[in-house]
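Asker: As you go down the protein sequences, you meet chains A, B, C and D in turn.
Each number in my numbering corresponds to the 1-based position in the first sequence with 3 added.
Each number in my numbering corresponds to the 1-based position in the second sequence with 3 added.
Each number in my numbering corresponds to the 1-based position in the third sequence with 3 added.
Each number in my numbering corresponds to the 1-based position in the fourth sequence with 3 added.
Source of the hints: derived by calculation from the structure; they are not laboratory data.
Some hints could be false.
Each pair may be met inside one copy or between any two copies, as identical chains are not told apart.
Straight-line C-alpha distance at most 30 Å; calculated DSS-like pairs for lysine-lysine [claimed, not checked]:
| id | residue 1 | residue 2 |
| --- | --- | --- |
| 1 | Lys125 | Lys107 |
| 2 | Lys72 | Lys125 |
| 3 | Lys111 | Lys140 |
| 4 | Lys141 | Lys16 |
| 5 | Lys89 | Lys107 |
| 6 | Lys88 | Lys113 |
| 7 | Lys88 | Lys111 |
Nothing here was measured: the structure is a model prediction, and the numbers come from that model.
Number of protein chains: 4
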Amino acid sequence: MTTETALFEIRLKVRDYECDLQGIVNNANYQHYLEHARHEFLRSIGLSFADYHYRGIDLVVTRVEIDYKTPLTSGDSFVVNLNMKKEGVRWLFFQEIWNEQSGKICVKAKIAAVAVVNGRPKNCAEIDEIFNKILAKKE
Amino acid sequence: MTTETALFEIRLKVRDYECDLQGIVNNANYQHYLEHARHEFLRSIGLSFADYHYRGIDLVVTRVEIDYKTPLTSGDSFVVNLNMKKEGVRWLFFQEIWNEQSGKICVKAKIAAVAVVNGRPKNCAEIDEIFNKILAKKE
Amino acid sequence: MTTETALFEIRLKVRDYECDLQGIVNNANYQHYLEHARHEFLRSIGLSFADYHYRGIDLVVTRVEIDYKTPLTSGDSFVVNLNMKKEGVRWLFFQEIWNEQSGKICVKAKIAAVAVVNGRPKNCAEIDEIFNKILAKKE
Amino acid sequence: MTTETALFEIRLKVRDYECDLQGIVNNANYQHYLEHARHEFLRSIGLSFADYHYRGIDLVVTRVEIDYKTPLTSGDSFVVNLNMKKEGVRWLFFQEIWNEQSGKICVKAKIAAVAVVNGRPKNCAEIDEIFNKILAKKE
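Only chain A is shown next, with the shape it has when bound in the complex (with noise of 0.2 Å):
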């Protein structure tokens, strides 16, 4: 995925806490890097994560796929950038994290999500209708 195919994509740097005792950002702040990069998205179609959680609809990983391929450390800065397909009631989103100075990838994610509604995966007919003209605009 490039920044001319890829449907979102933000902009980070490396703070030194997200690295570990190995010098390296810990695998876990990967995750939070994606999730960002998912919610920033999803605020810049006019979605907040926040503002559903308080009505009660719940967007919810049900998954995780994470390839770590090489590692990003103190003074970094990078790209995660994301695309994303319905397959089901699940959203799978594609995601990649890019070190901008070397131009290597650094991480190769698959993660799927669904809304939950009163505690049940439910297609969210509203959150559909979004994403599908999101969708509909990128081809």
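Following the hints, position chains B, C and D against chain A.
Answerer: Positioned in the frame of chain A, the structure of chains B, C and D alone reads:
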């Protein structure tokens, strides 16, 4: 403060991801340890930080003073303790973190907190009563 | 995997700061729990993740697959367990997180890790020998 | 302290995972923001926290005082600024966090740090010289 004079204490163990690239526990994580000890103390006397929040009463920290004495590192076990007293509308928590292996003090902290009800700092009779019973029992 | 069939397990308790605005443990924190269980397992068999790093041998996660089943929330106690096997140069860890109150499974995970020596994935005879002894003892 | 009088400032945005179950940024995370601003300041004047560590010189926080004024929440953008002065062997950092939307101050902090060389607090001529040049330029 010792195990005898402390109002409450918990034992924890450093988790490797809490260490940063200096190989020692990152400063902000000691604040996590201190918070967890306070919330476990609350729980031990029948007060749940989470339940109060959902009832519209938030226990909010207004000031922290933390002296960092000796660092914790990978593999260390430690004790987090606390004492407290009321001062005006504020509850003051005096907390320490002790390394169990070395016997050295790691952190000394003074944390001020208030109950916030409908967005305003306020004495909360219910919480004060429970705290006062605990303090009376200790004397 | 049960307490009887797991190679190793630890008991932990949710810390309130690990919960996000949905009121449940943030997804990335389960990865922290899983990592801490693996590192405590290593320590239990005489291998320190930190010491190996300082000797130039890094245990590096190359892939995670995590299924999120039911969330943990404020006050919950849980067990993190693990089993493992070798597959080529990789060690595979199979891990679960169980809620102790509800008895429900929270997370199922498969984590692939390699030893990286001088920047390259490599079989590390010393580590393999210790792992093999543990696995042999278990059978 | 304003943009004009501050020695340095960075702009950041709240990430949802930094909010806890109260729906606001968890107290310890402000320490992360303050640290990141200090490290970015160091980097901006040619000092890398990480490089110094690998050369055996650690910049270590010995005391923090943080006043929490108004909380940050999901979606907020904010500025973290800093000023500094020398006091004995310690460098004192005066820092603030301002909410960009509301214009309200969120946090006021005073952070004391020392250089630790071979395990002892020590004036580090190299670092002092760079800091002094920066401070002289500002006047």
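Asker: Taking the numbered hints from earlier one at a time, note which ones the structure violates and give those numbers from smallest to largest.
Answerer: Every hint satisfied by this model.
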